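Here is what each chain is made of, one letter per residue.
There are 2 protein chains.
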Amino acid sequence: VFSKVTPALVDRLRAIVGAGNVELDDLEPYSHDYTEDFRFPPEVAVRPRTTEEVARVVRLANDALVPVTAQGGRTSLSGGALCVHGGIALSLERMNRIVEVDAENLFAVVEPAVITQALQEEVEKRGLFYGPDPASRGSCTLGGNVAHCAGGPRALKYGVTKDWVTGLVAVLPSGEVIRTGGKLMKNVTGYNLTQLLVGSEGTLAVVTEITLKLIPLPKFRRTMLAPFPDLVSAARAVTRIFDARIVPCCVEFMDRAAVEAAEKRKAASFPAKGAATLLVEVDGNDEALLEREAERVGEACVAEGAPDVFLAMDEEQRRFIWDLRRSIGEAVKSLAPYKEEDTVVPRARLPELVAAVEEVSRRHGLTAVSYGHVGDGNLHVNILKLGVTEEEWRTRVPAAVREIFERTLALGGQITGEHGVGYVQREFLPMAYPEHQIELMRELKRVFDPKGILNPGKILPDGSERRPFGRRG
Amino acid sequence: VFSKVTPALVDRLRAIVGAGNVELDDLEPYSHDYTEDFRFPPEVAVRPRTTEEVARVVRLANDALVPVTAQGGRTSLSGGALCVHGGIALSLERMNRIVEVDAENLFAVVEPAVITQALQEEVEKRGLFYGPDPASRGSCTLGGNVAHCAGGPRALKYGVTKDWVTGLVAVLPSGEVIRTGGKLMKNVTGYNLTQLLVGSEGTLAVVTEITLKLIPLPKFRRTMLAPFPDLVSAARAVTRIFDARIVPCCVEFMDRAAVEAAEKRKAASFPAKGAATLLVEVDGNDEALLEREAERVGEACVAEGAPDVFLAMDEEQRRFIWDLRRSIGEAVKSLAPYKEEDTVVPRARLPELVAAVEEVSRRHGLTAVSYGHVGDGNLHVNILKLGVTEEEWRTRVPAAVREIFERTLALGGQITGEHGVGYVQREFLPMAYPEHQIELMRELKRVFDPKGILNPGKILPDGSERRPFGRRG
Numbered sequence: 001v002f003s004k005v006t007p008a009l010v011d012r013l014r015a016i017v018g019a020g021n022v023e024l025d026d027l028e029p030y031s032h033d034y035t036e037d038f039r040f041p042p043e044v045a046v047r048p049r050t051t052e053e054v055a056r057v058v059r060l061a062n063d064a065l066v067p068v069t070a071q072g073g074r075t076s077l078s079g080g081a082l083c084v085h086g087g088i089a090l091s092l093e094r095m096n097r098i099v100e101v102d103a104e105n106l107f108a109v110v111e112p113a114v115i116t117q118a119l120q121e122e123v124e125k126r127g128l129f130y131g132p133d134p135a136s137r138g139s140c141t142l143g144g145n146v147a148h149c150a151g152g153p154r155a156l157k158y159g160v161t162k163d164w165v166t167g168l169v170a171v172l173p174s175g176e177v178i179r180t181g182g183k184l185m186k187n188v189t190g191y192n193l194t195q196l197l198v199g200s201e202g203t204l205a206v207v208t209e210i211t212l213k214l215i216p217l218p219k220f221r222r223t224m225l226a227p228f229p230d231l232v233s234a235a236r237a238v239t240r241i242f243d244a245r246i247v248p249c250c251v252e253f254m255d256r257a258a259v260e261a262a263e264k265r266k267a268a269s270f271p272a273k274g275a276a277t278l279l280v281e282v283d284g285n286d287e288a289l290l291e292r293e294a295e296r297v298g299e300a301c302v303a304e305g306a307p308d309v310f311l312a313m314d315e316e317q318r319r320f321i322w323d324l325r326r327s328i329g330e331a332v333k334s335l336a337p338y339k340e341e342d343t344v345v346p347r348a349r350l351p352e353l354v355a356a357v358e359e360v361s362r363r364h365g366l367t368a369v370s371y372g373h374v375g376d377g378n379l380h381v382n383i384l385k386l387g388v389t390e391e392e393w394r395t396r397v398p399a400a401v402r403e404i405f406e407r408t409l410a411l412g413g414q415i416t417g418e419h420g421v422g423y424v425q426r427e428f429l430p431m432a433y434p435e436h437q438i439e440l441m442r443e444l445k446r447v448f449d450p451k452g453i454l455n456p457g458k459i460l461p462d463g464s465e466r467r468p469f470g471r472r473g
Numbered sequence: 001v002f003s004k005v006t007p008a009l010v011d012r013l014r015a016i017v018g019a020g021n022v023e024l025d026d027l028e029p030y031s032h033d034y035t036e037d038f039r040f041p042p043e044v045a046v047r048p049r050t051t052e053e054v055a056r057v058v059r060l061a062n063d064a065l066v067p068v069t070a071q072g073g074r075t076s077l078s079g080g081a082l083c084v085h086g087g088i089a090l091s092l093e094r095m096n097r098i099v100e101v102d103a104e105n106l107f108a109v110v111e112p113a114v115i116t117q118a119l120q121e122e123v124e125k126r127g128l129f130y131g132p133d134p135a136s137r138g139s140c141t142l143g144g145n146v147a148h149c150a151g152g153p154r155a156l157k158y159g160v161t162k163d164w165v166t167g168l169v170a171v172l173p174s175g176e177v178i179r180t181g182g183k184l185m186k187n188v189t190g191y192n193l194t195q196l197l198v199g200s201e202g203t204l205a206v207v208t209e210i211t212l213k214l215i216p217l218p219k220f221r222r223t224m225l226a227p228f229p230d231l232v233s234a235a236r237a238v239t240r241i242f243d244a245r246i247v248p249c250c251v252e253f254m255d256r257a258a259v260e261a262a263e264k265r266k267a268a269s270f271p272a273k274g275a276a277t278l279l280v281e282v283d284g285n286d287e288a289l290l291e292r293e294a295e296r297v298g299e300a301c302v303a304e305g306a307p308d309v310f311l312a313m314d315e316e317q318r319r320f321i322w323d324l325r326r327s328i329g330e331a332v333k334s335l336a337p338y339k340e341e342d343t344v345v346p347r348a349r350l351p352e353l354v355a356a357v358e359e360v361s362r363r364h365g366l367t368a369v370s371y372g373h374v375g376d377g378n379l380h381v382n383i384l385k386l387g388v389t390e391e392e393w394r395t396r397v398p399a400a401v402r403e404i405f406e407r408t409l410a411l412g413g414q415i416t417g418e419h420g421v422g423y424v425q426r427e428f429l430p431m432a433y434p435e436h437q438i439e440l441m442r443e444l445k446r447v448f449d450p451k452g453i454l455n456p457g458k459i460l461p462d463g464s465e466r467r468p469f470g471r472r473g
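Top line first, the protein sequences correspond to chains P and V.
Under this note's numbering, the first residue of the first sequence is numbered 1, with each subsequent residue one higher.
Under this note's numbering, the first residue of the second sequence is numbered 1, with each subsequent residue one higher.
It is possible that some hints are incorrect.
Identical chains share a label here; the pair holds if one copy fits it or two copies do between them.
As the list claims (entries may be wrong) - Under the rule of at most 27 angstroms between Cα atoms (straight-line distance), these lysine-lysine pairs were calculated in the BS3-like manner:
hint: 1; residue 1: Lys157; residue 2: Lys125
hint: 2; residue 1: Lys333; residue 2: Lys264
hint: 3; residue 1: Lys333; residue 2: Lys219
Bear in mind the hints are in silico, worked out from the structure with no lab data behind them.
Model, not experiment: these values are computed from the prediction.
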C-alpha cells in the first residue's frame, strides 16, 4: 500500500534539509527504540531543523505515499518510534532548543528534541519546576513525552505530560501547520486539539514546538524506603497516608525480584527492602511541615507492618536511592529477553492486580517481575524468558498477557498507563474498547492523516489504513 | 436543512421517556441560558433518566434530522445551551445522581445534572476536595462544566474541569455509547477521547456519566482583600507572590465599577477596596505555615502599593467576601443590557489587556466593567449599554469586541478562557485560527456527528454543517 523511497525522493529530501541531514547508510540507530529487541530499519533518516522543513518533508512523503515516523530519543517502550513500514525516519534530534523559559508567566517553550532532564535542570536553576519525570528522563525527549503522554513517579501529585502541555505547534500530513493553545492556564477556544494530539504517538501530526506549564520549585524533599512483608500491607499504608491528607509526590512499588535485579546491576544495596518495598517522597516549601509529614508517612508505614522506615538524610542518599530505583527497568530487562506490560488500575485495586499477575504467570509457567507507581495504580509487568523453550515462550506469553489484560480491565483498569499502545499493544486494543469506539478513533486518524502515512502500524489494530470510507453517516 | 418535530416524533419520544417527561407547553425555561437576553425556544423538551434513554432519543433525532441540544443548569454565558435551531431540548435534569464517592481511590462518579456545589459539599463532608469552582456553582451542573470546561477562581492552583475529568460515558448521534478512561490517574490507551469531549459543548456527543478525580481536602484557608491604586501595582504584587514560591488557590481582580456594582446589589460593603482590588486566598493543611504564607502575601501586596490588606478573621467573614465577589457577574449584568467577553492572556500580560479594554471602550464611547481571575490571566469584560442609542450599541459593540479580541490575540491570548465559544463567539473563531485549522475542527465534528444534529450553531462558524465532503486527502 505504501511506496518505497526512491533516489528522486532522496534528492528532494536533500534539497529540503541539506545533504548532511539525509542518512542512507548508518540506519541502525533509527531502526529501534527501547522496546524489546525489535529492529525495523527505515529506508532513509532525515534530520530537519525547523517547522518549515518538517512541513516540506511531510508533505513530500504524503504526496509520494511514503510512511513517516517521527523520532525523538527513541526510548519508547511500546514500539512507538519503530519504522514498522520502513519509509522515512523523521528524526527531530536537531530541534533541541529550549526556546524560552518565561519565568514571569510560568511557561516554557521548547522544541521537541529537548531532553526532559535538560528542561528540568534549566527551570530548576531559576527556582521553577516541570512535573513529569519519566524514568528515562536523561535520554527521552519532550516531544516523545508528548507523543506518549509520558508519566513517571510524580504523576500522583503532579499529573502526567498532558497536564503540563498548554500549547503545540504541529504539522499535518498536508504540510499545513496548526497552532493550539499557548501560555494559557484556561482556554476553551474551539475543540481541544492540544489534548487530542498529546498521547497520539505521532499518528495524527508531527509536533514541532511545545508550550509547557511550570510551577514554583518545591524547595524541600524527604525520601523514604519502607519494607513490607507483602504488597497488601504496603497498599494499606498508602491508603493510610492519603487518609492523613498527605499527598506524596511519589509512591513507588518494587517487588523483591525488581529490588534484587537493580542491586545486582548497580552492585549496590537498597538501605531497606522487603517482599514489597515502597519508595515514598514528599515535597513542599516548608521544611518543618515536611519533617512532620515525613514522620506521619513513617508512622503510617509502621502501623501497616513495616518493621522500620529508612529516611534519606541528605541529597546524596536521596540520589543513591533514586538511581537504584531508576535502574530497575534496565536491570530487569538485562536478565533475559522479556515482554513488558504497562497495566494501570484504580490505586486501591493494585494488590489484586499484583496477585493476578503472580497467579497468571505461575499458571503459565512464566517468571514475572513487577514494579511501578503504586501511588497512581500503574504497574509495570515484565515477563522474563527464563527456563522456558522458544516454543513455550511463543505460545505462553500471548496467552498470559491476554489474561493479565482481562484481569486488569475487570478491575476497572486499562492496558497501558504511560507507555502507549504503540506497536506492541495494538492487537489488544479490541479488549479495551468495542469496535465502534475503535472505528471512531480510526476516523479521527483519517481526518488528520487520510493516507495513513504518519507512523503507520501504531495504536489502531490492523486494517486501520485500509478502509477508504467512513462507516458513519 | 433540519426537520421539524412532528406529532409522530413526539409520540415516539413519549414512548422512550414517558409522557410526563416530554414537555410541549412550558418551553420558556428551556429557551434561554445566562447569555444576555437570548431566547430560542426548542420545539419540545425531553427529560431522559438513563444513558439508554438518551441513546434512544438521540438516535431517533438523528434518523429524523432533528437538532438536539443537551441542557444542564442552563448557566452558559456563551449561549451553549440555546436551541438556536429549535428541535429537541435534551434536558438532563433528572440525571442528577452522585453515583459514587470512592474515597479509597479518590474518585467520584456522577450523572451530568449533579449541581457542582452539591458534589463539592458531598465530598467535603468526607474530607475530600473537587477543585473547579465556577461562580455559578450553586446552579450549574457538572455536565455543563464538562461541556464548557468550566474554570473559576481556583484554576490557578487546581486547574480547570478538564484537569479533573478522567472518564466519561457519552452517547453518539448514532445511539452508540462510548466509555472513555475511568478511575485512572494514567491512561494512554488509544486517542484521548475524554479530553476531546471536554469543552466540546455537546456538539460531538451527549455526556451521560462523568468520572472525576478528587484530592484530600485542604484543611485551612486564609482569605485576603488588597486594594491597589492601579492594576499594574496589583499585577506586580501577584508576580511577587509567585516569586516567593507561594501558589495561592485564588487571585481575583475587580475594577472599581465591578466592586461598586456588587456592593450596590448586595447592599453590603467590601472591607477593603481600591481602583483595583485583589482577593487572594491561600489554602493548605498546616495552619501555622498558612499563617506565614498569608503574612507573606500581605507583605507582597504592601510592597507593591496596597495601603493595607484585610484578612478574613473567620469563616463568616470569608463567606461574606466570597458572596460579594460571586455576585459581581449578576450585579454588573443587572446594570444594563450587556455584551460579555471572556478573554484570556498569559498572566503577566493582564495589565496590558485591561488597559487595552479601557482604551478601546473609551474610543468607541462604550462603558466596560472588568473583573476576573488575575492569577490565571482570565478577564471577564462586560460592555454595558449605558448612554448609547440602540443604533450606536448595534454598530459600536461588534467593532469594539473585534478590537478587544485583536489586542487579546496580539498579547498571546485567546478569545475565550472558560465560557466557551458557544453561539456568541463563533463568528470570531476565524480571528483565533486559520481556515485550515477550523476546517480540521469541522471534520472532527463530522466524524462524531455527520448530520450535524448535536447542538447546531455552536463553536464552528456558519457553513460547518453544510459541507458534505472533507477537504483533505
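Among all the numbered hints in the text so far, which are the ones the structure does not match? 3
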